[in-house]
Amino acid sequence: MSGLKSFCDQILDYAKENCGGEYEVYATNGESFRVEVLDGQIKTYSVNDYTGVSFRIKKNGKMGYASTTATDCEGIPELVKAACDNAEIIENPDEQFIFTGSESYPAPKQYGEELDGITAEEKINFAKLLEKKATEADERIIKVESSTVMSGKSTVIIKNSNGLDLCGKSNFIGAYVIPIAKEGDKMNDGFGICGGFDRACLDADKAVRKGVVEAIDFLNAKSVKSASMRVIFRNSAFCDMIETFSGIFSSDAAQRGLSMLAGKEGEKIASDCVTLTDDATLDFGFGSHAFDAEGVAGRRTVVVENGVLKTLLYNLKTAHKAGVQSTGNASKGGYSSPVGISVSNFTLTPGEKTLDGLCEKMGDGIIITEVSGLHAGANAITGDFSLMAKGYLVEGGKQGRAVTGVTVSGNFYELLKNIEEPGCDMYHNIYGEAISSPSVLISAPMSVAGE
Amino acid sequence: MVEKRVSEAVLARAMSTGADYAELYVEDNTQDSISMIADCVESANTSRDKGAGVRIFCGTNSVYAYGNGTDERSLLELADKAAAAAETAKRSNVDLVLKNVTFEPLCKAEIPSFSVDKKTKTDALKQAYFAAREYSADIVQVSGSLSSSVKRVYVANSEGVIGRDERPYIRLGVYAVASDGKENQSGFVGPGNSAGFEFIQGLDLKAQGREAARIAVTMLHAGKCPAGKMPVVMDNAFGGVVFHEACGHALEATSVGLGNSVFCGKLGQKIANEKVSAVDDATMVSEWGSRAMSDEGEKTERIQLIKDGILTGYMIDKLGSRRMNMRSTGSGRRQNYTYAPTSRMSNTFICAGTDKRDDIISSTENGLYAAKMGGGSVNPLTGEFNFAVMEGYMIRSGKICEPVRGATLIGKGYEVLLNIDMVADDLVLGQGMCGSVSGSVQTNVGQPMIRISEITVGGEI
Numbered sequence: 001m002s003g004l005k006s007f008c009d010q011i012l013d014y015a016k017e018n019c020g021g022e023y024e025v026y027a028t029n030g031e032s033f034r035v036e037v038l039d040g041q042i043k044t045y046s047v048n049d050y051t052g053v054s055f056r057i058k059k060n061g062k063m064g065y066a067s068t069t070a071t072d073c074e075g076i077p078e079l080v081k082a083a084c085d086n087a088e089i090i091e092n093p094d095e096q097f098i099f100t101g102s103e104s105y106p107a108p109k110q111y112g113e114e115l116d117g118i119t120a121e122e123k124i125n126f127a128k129l130l131e132k133k134a135t136e137a138d139e140r141i142i143k144v145e146s147s148t149v150m151s152g153k154s155t156v157i158i159k160n161s162n163g164l165d166l167c168g169k170s171n172f173i174g175a176y177v178i179p180i181a182k183e184g185d186k187m188n189d190g191f192g193i194c195g196g197f198d199r200a201c202l203d204a205d206k207a208v209r210k211g212v213v214e215a216i217d218f219l220n221a222k223s224v225k226s227a228s229m230r231v232i233f234r235n236s237a238f239c240d241m242i243e244t245f246s247g248i249f250s251s252d253a254a255q256r257g258l259s260m261l262a263g264k265e266g267e268k269i270a271s272d273c274v275t276l277t278d279d280a281t282l283d284f285g286f287g288s289h290a291f292d293a294e295g296v297a298g299r300r301t302v303v304v305e306n307g308v309l310k311t312l313l314y315n316l317k318t319a320h321k322a323g324v325q326s327t328g329n330a331s332k333g334g335y336s337s338p339v340g341i342s343v344s345n346f347t348l349t350p351g352e353k354t355l356d357g358l359c360e361k362m363g364d365g366i367i368i369t370e371v372s373g374l375h376a377g378a379n380a381i382t383g384d385f386s387l388m389a390k391g392y393l394v395e396g397g398k399q400g401r402a403v404t405g406v407t408v409s410g411n412f413y414e415l416l417k418n419i420e421e422p423g424c425d426m427y428h429n430i431y432g433e434a435i436s437s438p439s440v441l442i443s444a445p446m447s448v449a450g451e
Numbered sequence: 452m453v454e455k456r457v458s459e460a461v462l463a464r465a466m467s468t469g470a471d472y473a474e475l476y477v478e479d480n481t482q483d484s485i486s487m488i489a490d491c492v493e494s495a496n497t498s499r500d501k502g503a504g505v506r507i508f509c510g511t512n513s514v515y516a517y518g519n520g521t522d523e524r525s526l527l528e529l530a531d532k533a534a535a536a537a538e539t540a541k542r543s544n545v546d547l548v549l550k551n552v553t554f555e556p557l558c559k560a561e562i563p564s565f566s567v568d569k570k571t572k573t574d575a576l577k578q579a580y581f582a583a584r585e586y587s588a589d590i591v592q593v594s595g596s597l598s599s600s601v602k603r604v605y606v607a608n609s610e611g612v613i614g615r616d617e618r619p620y621i622r623l624g625v626y627a628v629a630s631d632g633k634e635n636q637s638g639f640v641g642p643g644n645s646a647g648f649e650f651i652q653g654l655d656l657k658a659q660g661r662e663a664a665r666i667a668v669t670m671l672h673a674g675k676c677p678a679g680k681m682p683v684v685m686d687n688a689f690g691g692v693v694f695h696e697a698c699g700h701a702l703e704a705t706s707v708g709l710g711n712s713v714f715c716g717k718l719g720q721k722i723a724n725e726k727v728s729a730v731d732d733a734t735m736v737s738e739w740g741s742r743a744m745s746d747e748g749e750k751t752e753r754i755q756l757i758k759d760g761i762l763t764g765y766m767i768d769k770l771g772s773r774r775m776n777m778r779s780t781g782s783g784r785r786q787n788y789t790y791a792p793t794s795r796m797s798n799t800f801i802c803a804g805t806d807k808r809d810d811i812i813s814s815t816e817n818g819l820y821a822a823k824m825g826g827g828s829v830n831p832l833t834g835e836f837n838f839a840v841m842e843g844y845m846i847r848s849g850k851i852c853e854p855v856r857g858a859t860l861i862g863k864g865y866e867v868l869l870n871i872d873m874v875a876d877d878l879v880l881g882q883g884m885c886g887s888v889s890g891s892v893q894t895n896v897g898q899p900m901i902r903i904s905e906i907t908v909g910g911e912i
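First to last, the protein sequences are chains G and A. Mapping the first sequence onto the numbering used here, position 145 (from 1) lands on 145, and the numbers just tick up by one. Just add 451 to wherever you are in the second sequence, counting from 1, and you've got the numbering used here.
No wet-lab data here; the hints were simulated from the structure. The beta-carbon is built from N, C-alpha and C at its ideal position, and this holds for glycine as well. One should not assume that every hint holds.
The list that follows gives simulated cross-link-like pairs (lysine-lysine, DSS-like), each with its CA atoms no further than 30 Å apart [claimed, not checked]:
| no. | chain 1 | residue 1 | chain 2 | residue 2 |
| --- | --- | --- | --- | --- |
| 1 | G | K225 | A | K750 |
| 2 | G | K128 | A | K541 |
| 3 | A | K602 | A | K750 |
| 4 | A | K750 | G | K59 |
| 5 | G | K182 | A | K863 |
| 6 | G | K182 | A | K680 |
| 7 | G | K81 | A | K570 |
| 8 | A | K717 | G | K222 |
| 9 | A | K541 | G | K186 |
| 10 | G | K222 | A | K570 |
| 11 | G | K332 | G | K109 |
| 12 | G | K143 | A | K863 |
| 13 | G | K132 | G | K143 |
| 14 | A | K569 | G | K186 |
Beta-carbon label-pair distances, calculated as ranges [unchecked claim]:
| no. | chain 1 | residue 1 | chain 2 | residue 2 | range |
| --- | --- | --- | --- | --- | --- |
| 15 | A | L718 | G | G432 | 33 to 39 Å |
| 16 | A | R456 | G | E88 | 39 to 45 Å |
| 17 | G | T100 | A | A588 | 39 to 45 Å |
| 18 | A | S813 | G | G40 | 57 to 63 Å |
| 19 | G | E121 | A | N544 | 23 to 29 Å |
| 20 | A | K675 | G | G432 | 25 to 31 Å |
| 21 | G | N125 | A | V736 | 48 to 54 Å |
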């Protein structure tokens, strides 16, 4: 890491001597590990060290970006020149910022020291254990398509001409299993996952149970007759829905007319039972950060309270435009991406009922346990979605037969208004965005298309 | 990019613990993108991504180590990391002599995109952008992008090959949003090619922009699509995403080699209507999914996947070849050095048939006409797929009628293939990015207009 810091300094020194204006280096490095086991043997194994450096410069009020993975001094003039050239063609009139620093920074725990002590051999053995447990869990499990352990750690450095000098590090470990069940000529797969920041989070039984139940329950699942039905989204499925549409809470999307929440701050946008919080300061949250991609301190922000939109999520640029403070939600898709906005740890506040309790309240309808095709069948701008779904029928308040081959369609903005009751069964997404949600009961019937 | 001597040393080191195959992959990729939104140039970014990977096989087990360093010391370290993970007790001294193999480039940039100044590129993007913006008062927002890249690839493997390839890419994207104040609808066009700036010069940029806007405006004034089972006529070009999702992925060694595809063991059997023939052809000149050399240092091929309804081939990479006991078809691809390669599609399409477009529509009593498809996904094990219809119309009494929105098509790949009952003669390709285990790669989908006799359409009840 000291090598990366000194490379950053060299870039800043070069820029100081050769360019005017304000400029910043955003650098990241780290390592990742992945092992996949098949039939008790390593199927694929990969290890990686990476480094990426992004340079941005504000010239005549415009921000230009360039990035590289080649950390040799010879490349520095080319990197700086590319950023300057890019700044020349920018037309966006919005004021841009190279930050000077927040007064203080939170210190959420993001690094599980225990993970450093887990050897490659232990990870391989855990992947083998997952496969073995899944195969032995039920005689209908004929094999495991994938049993994988992944881990990684990374460091982020932000240093700029305004004196900002920040460094943060994080790590994680995770594992998943995809068992395949067969009965007659029918085959089906399931997906189970576990992960976190210590040894205890590698819970093989939990991951296997979920994967095996999913593989077996849907072996004989059938479609239903197309109908308008009451719906419960199970926790993990609703996490996926929130993740798909989390962009509507971005002030950037709103200011560009790409979110229907534009101008709705202070208004009722969801039912009374909906409270959504974004909190970058949680210990061991997958989305936690002490500082965001612009170096602004991470914080806790209540986005929706009892159905009222309290605030959108801001970075420095959009906050300036709206005359408010940044909420510390600046983000980069990767080290080379320009600064955008995303949620940190985004949570739908739970209610009191269990999933069974929600079923009882619903009476007749369907529990959606999985939605797929989110990248194609969901339109983040309009809120419209039409998604392939799996789940269970609910009859007389009791969970019934498994259902597959249906699509559920509706509109996310409407869905927020139609949440009748959130349950108490929190699920935490451990890849993709860090979304947490309980199961939710929807008040208005939804279109479920089947046969 | 790497000295022959160094490659030989790296491969030998990688095989020192008993591996029976080793491969070194080095890549240097420079990308440039300009994007517009709200009627002005919003961002411009240039990035250079350089890295290397060393892969070894022990039978059908594979180990991959990768990183950003491409100097001799870094490459030898990668070889050591890979060798250390080999689960064999053997020690072996490997002596390799590598030979340069020339792959005649299929895709050449006549006007290399990096030789074109940013102002010229910006002006081209603006033509398409403002054509969309000015199409209708309903258009409230447009975003546009022009991205280009040049990727230089070097592969050396223990079969003795050293190969090099240079791959230029360029793509325009225009995304238009129409709104009536209550609801929004969107339309997209994204023509691309493995070529230089001459591809952009050859486009009718204004027509591209207008097309994105037209879709958005048409869908804004569309009613919701009715749900249920019905015949679906799918138009050519990006309509081929149905074949890509419903069949293509299940014909990749990635799923077939592990027994996880519905098409396992079906070579020589009828899997589609006899009107259906399909190929995967990486050897087409300057096409989006083409390349001369696979990412495993092999020559690419035209693979006949289906001939008159009979399954005739799979897309196979080196590891898949070992698993399936079949020869590799040069289908190994990867997004970049951070992924080990696996079998992937290139330009994959249903071949032209003999039916006429007009006959297909007029012979369809009632159904859905999917003029433009959006993206989709598939589970290769069960064959279940879903994809979105970006621009759809109802067909009534053999005529294309009112536009409908919000339709998705869901079904099983092997059922749909058998249900394709008409195939027109107007094959066109469409560009997309395909995501799978070895990352996101450029792929062409394609087909002539086809009719599926019955498929489940998700929409309004």
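How does the Cβ-Cβ distance of A:R456 and G:E88 compare with 39 to 45 Å: does it lie in that range? About 43 Å separates the Cβ atoms of A:R456 and G:E88, which means 39 to 45 Å holds.
For the pair supplied as a hint, A:K541 and G:K186, is the alpha-carbon distance within the 30 Å limit? 42 Å, violated
Beta-carbon spacing of G:E121 to A:N544 - inside the hinted bounds 23 to 29 Å or not: 26 Å, holds
Is the Cα-Cα distance between G:K132 and G:K143 30 Å or less? Within the cut-off at roughly 9 Å; holds.
Quick one, are G:K182 and A:K863 close enough, alpha carbons at most 30 Å? 18 Å, holds
For the pair supplied as a hint, A:K602 and A:K750, confirm whether the alpha-carbon distance does not exceed 30 Å. Judged against 30 Å, a Cα distance of about 18 Å means the pair holds.
Please work out if G:K182 and A:K680 have their alpha carbons no farther apart than 30 Å. Roughly 28 Å between the alpha carbons, so the hint for G:K182 and A:K680 holds.
Please check whether G:T100 and A:A588 have a Cβ separation lying inside 39 to 45 Å. 43 Å, holds
With a cut-off of 30 Å on the C-alpha distance, tell me whether A:K569 and G:K186 pass. Measuring from Cα to Cα gives roughly 56 Å; hence the hint is violated.
Regarding A:L718 and G:G432, is the given constraint of 33 to 39 Å on their beta-carbon distance met? Roughly 38 Å apart at Cβ, these two residues keep to the hinted range, so it holds.
Given pair status - A:K863, G:K143, alpha carbons within 30 Å: 22 Å, holds
For the pair supplied as a hint, A:K717 and G:K222, is the alpha-carbon distance within the 30 Å limit? Holds, at roughly 26 Å.
This entry does not satisfy hints 1, 4, 9, 10, 14, going by the numbered hints stated previously.
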